[in-house]
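So the protein sequences, as listed, match chains A and B. Numbering of the first sequence is given in the working numbering, commencing with residue 917 and proceeding in unit increments. Numbering of the second sequence is given in the working numbering, commencing with residue 129 and proceeding in unit increments.
What the hints contain is simulated information worked out from the structure, not anything from laboratory work. It is possible that part of the hints are untrue.
[As the list claims (entries may be wrong)] Simulated coverage check for chain A against chain B, where a stretch passes if three residues somewhere in it have a Cβ under 8 angstroms from a Cβ of chain B:
#1 963-971
#2 1095-1106
[As the list claims (entries may be wrong)] Partial chain B-side listing against chain A, Cβ under 10 angstroms, derived:
#3 E163
#4 V188
#5 Q314
#6 R438
C-beta atoms are modelled at their ideal positions from N, C-alpha and C, and glycine is treated no differently.
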Amino acid sequence: MTVNDVQSGLAAQGYVADDRLAMALHLAQALGRPLLLEGPAGVGKTEVAKAMAAWRGARLIRLQCYEGLDASHAIYEWNYQRQLLAIRASEVQGGTSEAQLFTDDYLLKRPLLEAISEDKTPVLLIDEIDRADEEFEAYLLEILSDFQITIPELGTIKARSRPIVILTANGTRDLSDALRRRCLYSFLEYPSRETELAILKARMPEVEGLLARQIVGVVQALRQEELEKTPGIAEMLDWAAALSGLGVNDLSKSRDEVQATLVCLLKTAPDYGVAPPEVIDRLIGKVA
Amino acid sequence: MQVTRFPSRASGLSDRMSGFIAHLRMNGMRVGPAETGDALAALAAVEATDVRQAQQALCVLLAADADDWRRFDDLFEAYWFNTGKQRSGTAQTSHVRVQSAKPMIWQQESPNTQESEFGTDQAAAPDTGDGEAVGKDGKLIATRTANLSRRDLRELMDEDALRQAEQAAASIARAIRDRRSRRRKQALRGTALDMRRIQRASLARGGEPMDLYRRVRPPRPMRIVVLCDVSGSMTVYSRVFLAFLKGLIGSGTEADAYLFHTRLMRVTDALRDHDTLRAAGRLSLIAEGFGGGTDISGSLERFLNGYGARALNGRTIVLILSDGYCSASPEALGNVLARVRRKARRIVWLNPLKGWKHYQPIAAAMEAAEPYLDAHLPANTLEALAALEPEFRKL
Chain A
917 MTVNDVQSGL AAQGYVADDR LAMALHLAQA LGRPLLLEGP AGVGKTEVAK AMAAWRGARL
977 IRLQCYEGLD ASHAIYEWNY QRQLLAIRAS EVQGGTSEAQ LFTDDYLLKR PLLEAISEDK
1037 TPVLLIDEID RADEEFEAYL LEILSDFQIT IPELGTIKAR SRPIVILTAN GTRDLSDALR
1097 RRCLYSFLEY PSRETELAIL KARMPEVEGL LARQIVGVVQ ALRQEELEKT PGIAEMLDWA
1157 AALSGLGVND LSKSRDEVQA TLVCLLKTAP DYGVAPPEVI DRLIGKVA
Chain B
129 MQVTRFPSRA SGLSDRMSGF IAHLRMNGMR VGPAETGDAL AALAAVEATD VRQAQQALCV
189 LLAADADDWR RFDDLFEAYW FNTGKQRSGT AQTSHVRVQS AKPMIWQQES PNTQESEFGT
249 DQAAAPDTGD GEAVGKDGKL IATRTANLSR RDLRELMDED ALRQAEQAAA SIARAIRDRR
309 SRRRKQALRG TALDMRRIQR ASLARGGEPM DLYRRVRPPR PMRIVVLCDV SGSMTVYSRV
369 FLAFLKGLIG SGTEADAYLF HTRLMRVTDA LRDHDTLRAA GRLSLIAEGF GGGTDISGSL
429 ERFLNGYGAR ALNGRTIVLI LSDGYCSASP EALGNVLARV RRKARRIVWL NPLKGWKHYQ
489 PIAAAMEAAE PYLDAHLPAN TLEALAALEP EFRKL
């Protein structure tokens, strides 16, 4: 497999990956290393994993991190209710020994364990790793370097197939050097005008040329303004969907619809102050 | 950027690759021998004869964060094509050093030679002849140590004073660090039992409390963000202020330090040097290299847009060390401070000029800034710095 294969494979899933990202994904597969993606919100970090899974026909296993995430939610947990039921049942009938209580049947697999016990290589997405605590990050190191999990009652479970691991981070806190060293790294920026047009074309072929150029132009110009929440690609696609849903063909001729659909792009009250109707009109005038 | 000459005696690919890794390390990236092997393995997985592919593969593999990511291309070209980015024309030439000519270990001894970790800062600096400026001696003024505590900071440049400044900073950091939350939060280890969760979990085990959950009062330390003015008018204070900054950084508090004049740069990592005098010396040398005017509002603006999202939160104290002489309009300063105000808990301005007896906020900028400040305190003597502690306790 080459880098171009990755690029065209993702393109078939409607994901436009630039050269570096394609290279990162290629190496992640070739070297079996996890890939850490960073970048502003809404540049398609999570989408990469989805497109990757769809392309490889692999299962996507997602672990959403949050503060206080612990091993029992991320790795495994014993199904106590079922164990208790089995004990009660055995009291009546006899027969269940203690050893039988700690078997696969009573194990609840959480995403990480699930990912390494798949037969076919899955895509493991660890989303927003920087939201999890540092202890969890340290625990993750063992899994990401050896792809094995130790369960005291069962022993060590080795991965049957190496999952393709993609981690995303948003800069909520600094990640440890140890984690960064184990991962390949890629920083996603907001796309250039041409790339963004290609993304819009791939995702929504029904949006016509003129409208697509206008939408991308306005969004690109909005990113230059000082907004609190810079609109990402997801917002751009939402906006395009809203506009085409309303039957708009030309932004400069349908002022009201544009104003009404700005809710897709601007997400905070101060941002409406920064980009009042006149500014939007001016931006549309510029790109038209 | 430190430029490495391509070692002509290097023979095979692995030799050159380890040279490249050393070149990256010299420029402040955290890579080691393990990465050399990884890099060779990565090249085996791509078309290594295609320069672009090789470059991208190495970038993906070796960069660890966004900063590395952005400067990797320059570093790559500098090594493999024997060219530093000749962005500033002449300034770069003085940096060229054959790799083996002077081992890094010697540079530690002589603070006057430029240090590798600041290499990028110099390369990115505007070409105001930074190459020469860095090499200059710091303005170390030898002074009598007796009876100094009332003097203006500008006369205090010796090691003792720096240590005192650092101690003052440490005590300030202590004063604002220990803030415990009143709420209790679930935790793995804690003093109090979380009865509610224990009961709830015991249901799953037939009413027997097998798992003990605990709660703890989480510490909610105040973060400190320090922005220190190092423009021409502040040069005389810069050494002491840098020692002060270093004290804050090294105090175990979450602290973040930035220097600004017309540009802004983050120096938190650089300040984590164990030797106070050397760290202060290095940084003030860099600062002198810049000199010139001040653009407080512009620097704050850049801080907000770049680092602000990460650095500021509701538990942050923003500390600005500046004399308030600003080249931009006062309104701009007011506006940007209002924005900082919205994101941070407190803003404190330490002004060396305020300690002067007849100080009026002559600088129009300070007048515009005052409404947004929680405190505007003098910082012209060491005593003043030490006396700040109770003020911070109040915040």
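| field | Unsatisfied constraints (hint numbers, rising) | value | 1
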